[in-house]
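Engineer: Taken in order, these protein sequences are the chains called A and B.
Each step along the first sequence adds one to the number in the numbering used here, with nothing skipped, and position 286 is 286.
Position in the second sequence (from 1) plus 1000 gives the number in the numbering used here.
There may be inaccurate statements among the hints.
[Stated by the list, open to error] Derived pair list, reagent style DSSO-like, types lysine-lysine, alpha-carbon separation capped at 30 Å: (1) 1214(B) x 138(A); (2) 1025(B) x 162(A); (3) 117(A) x 1272(B); (4) 261(A) x 1274(B).
Rather than coming from a laboratory, the hints here were simulated on the basis of the structure.
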Amino acid sequence: MMEASSTHQQPALIVNDVVKRFNVASIPWWKRLRPDHQNGHSSDDQAANGSGSSLKAKRGKEIITAVDHVSFTVQPREIFGVLGPNGSGKSTLIRLLSTLLIPDEGTVTVFGLDVVKHEMQVKRLINRVSVEASFFKKLSAQENLLYGARLYGLSGKVADQKARDILKRLGLRENSYTEPMEEMSRGMQQKVAITRAFLTEPTVLLLDEPNTGLDPRSKMEVQTFVRELRDVHNATILITTHDMYEADTICDRVAIMHDGKIVAMDTPAALKQQVKRNGHEPTLEDVFMTLTGEALIEKEADAADLEPEKV
Amino acid sequence: MILRGIQGEMRQSYAFVARNFNLVKRYWGWEVVWMAYSIADSLAVTFIGAGVGEITGQTQIDTNFMITYLLIGTLVWRFLSSIFHNISEMIAWERWEGTIEYTFMAPVRRFNQMIGQTFFAILYSLIFTVILGVTVATFFDLDLSDADLLSALILLLVGSLSFVGIGMVASILPLLYPERGAQMTNIVQAFFLLVSGIYYPVTVLPEWLQVLSKISPATYVLEGMRAALLPETAKSDPLTYVVPLLIMGLVMLPLGIHLFQRAERYTKRTGKLKRNG
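Isolated chain B (complex conformation):
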């Protein structure tokens, strides 16, 4: 009986994984366009590193380091923002399709829904980022012989948990504001883009922004990733960044579910679930 119950709950989580992969398959044209754009965008950023010597007129600059530094930034950001998008858009997408009432009417715990969405988001984002990274890397002659790839992968996976929590909180916006909520989530993403040191060290930011950078999990993922992949400049062991990321994940995941459930109750009280935006 208990086994059947667990099996049923796992099927519920799997429902979201299968559905999302089916959507990717059916909207393959969008995926191709998005991948092409991401490759062009990542190359555009990374070429800044290749051209920094010419831009500044200094011949002593280690362009390989600059390219790797920017490449890490662009790939990590693509990965984390993909996770954030996949989670935060789960409501906006269902509002758009008009299926939200059926998903909310089904006997599914939000925890099971989150497990399914998270599994899909991490798997999809990993595949996307690997394709992107391999493609972009072919344009440059990179030396990653000293890189600690295992630590980099651990940091990426642990850091993604916090972004799932943040995505859950952001997905409340389309729930509460049927017309404008989806656009509002972009503001959340823009905040993390600015303060997390994606393309520059956070120390160049004004002091008040540096304070905000400390609450962004992306800051720790990036610093840890750079410590793992560019060990010659590392200030500390890459795995020391796992601890703040774990703490943030442990706080953000339950907080995200809790706030989402409260918002769901509010929409049921006010009748906002019905509107398809």
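Just chain A, with the same shape it has in the complex:
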């Protein structure tokens, strides 16, 4: 946490006009001849390919714009939420921040360090929990966690004690610690994944749907831990979630992504004010549905216009 105290004068994260596109495999010519492909691709194709708008690349390949000119700044010790439907570009954004992807356009900085130019320094500041637990399945939680901790330079002895403490707080049984990961439930595996990230006390913690598969009690434990990381260890947290209540209660600010773009960004209270109608007190879910649902309705209407039988 040394880095945080020395660098907290500047923003923790600056995402500046970032674009990330992916080439996806072209559709074979015989499939393109089918009537249902004559008017472009179905919405299912778009969802399967990831997200965002698509355009044709050379050699018949499809280009998907997963993150489309996204900009935002996160201040130190802020808990910043990113909400959006499946395939809206949230995980791609997290991967860009985690140095796992290189932006095609724009820049990403973590405490003033560019994620491409200063990759190694950035890596020391961050850690991530993804929606997939991702472990060596035959190895025990202990073996997986010590491996992860050593990669960050921690000693096995220190990491072992810290891991036991964190897992105890998250409610994992003591004997599960030495069991192979494959014998654990999805929720238990996710707790170990959260422990792996917390072990290294990251200055910036990236949480990509961390509570998937957790029971309500475990969710609350994780939320308490996230707040503690911010309050006690000065960590900055970026979290993506589908849990609107969670976003409302723990996030200082929230950005809503749709089709790779940020369509709204403010405090949960301010976002709710934006969609307030007829005296009804909206929830964050109402905000989400309004801002991403309307766009979906518009898209469906556009698609219907292209199909003659529906006109």
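Mind docking chain B on chain A? Use the hints.
Structural biologist: Just chain B now, with coordinates in the frame of chain A:
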């Protein structure tokens, strides 16, 4: 401060050693099966040497020499191919388990990763080959009283460095081709098996293959090993083979790291790291 930094970097390298030994421990069933197969395979090859007199109908053939010649071939190949596998499969394995993003996200230099992987690969392959060699040797009455075992060990260790470099280059394939990359590495291995004179002198190969045999480090390891363990037929001192092996190691190791880093950057640009194959 510097000491703490070095300690941290050593822990990173050790992380790969400990992880790999844990994997061996947890997948012990696979290890037993692989060892049993390797023993049967090595015996099958070595028995050709024992039976060469009967096969050809010539009684003057030195079967002890033939057995030792083939045994050296099979053991050296098991050792080098084990090193190659351990290095080249480091990416394929992580793709299979789904952990690749976490390893690549950690602040680990590829050099530190390679140190850890190399240490494990050499240690594991040595233990494996010693068990294999001792088991197979019990089936035959071998005379190694004139053998230069120290030179043989030096050649084996120096030669393994080049194979680490080649393994690094081959490990790029699973990085670039998530679905087919692991299978592609077998083609690289097959090439070395053919041209390196594992079970025969390279002089029996067609001329164009003999040219290729000169770029294989396994050729020099095998010729050196045979010079050390079968001194009666040696054309030159075993340690003369150390020089080309050292040169190859000095070229292949940095080249392997450099190409791997370039491939890593490419996967981060194209998003291929995410796919688990």
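Engineer: Look at each hint and say if it fits the structure.
Structural biologist: Checked hints:
1. Taking the CA atoms of residue 1214(B) and residue 138(A), the gap is near 42 Å; set against the 30 Å cutoff, the hint is violated.
2. Using a Cα cut-off of 30 Å, the hinted pair residue 1025(B) and residue 162(A) holds, with the two alpha carbons roughly 25 Å apart.
3. A distance of roughly 20 Å separates the Cα atoms of residue 117(A) and residue 1272(B); the hinted pair therefore holds under the 30 Å criterion.
4. In summary, the hint linking residue 261(A) to residue 1274(B) is supported, as the alpha carbons are separated by about 21 Å, within the 30 Å threshold.
In terms of the numbered hints stated before, the structure departs from hint 1 and from no other.
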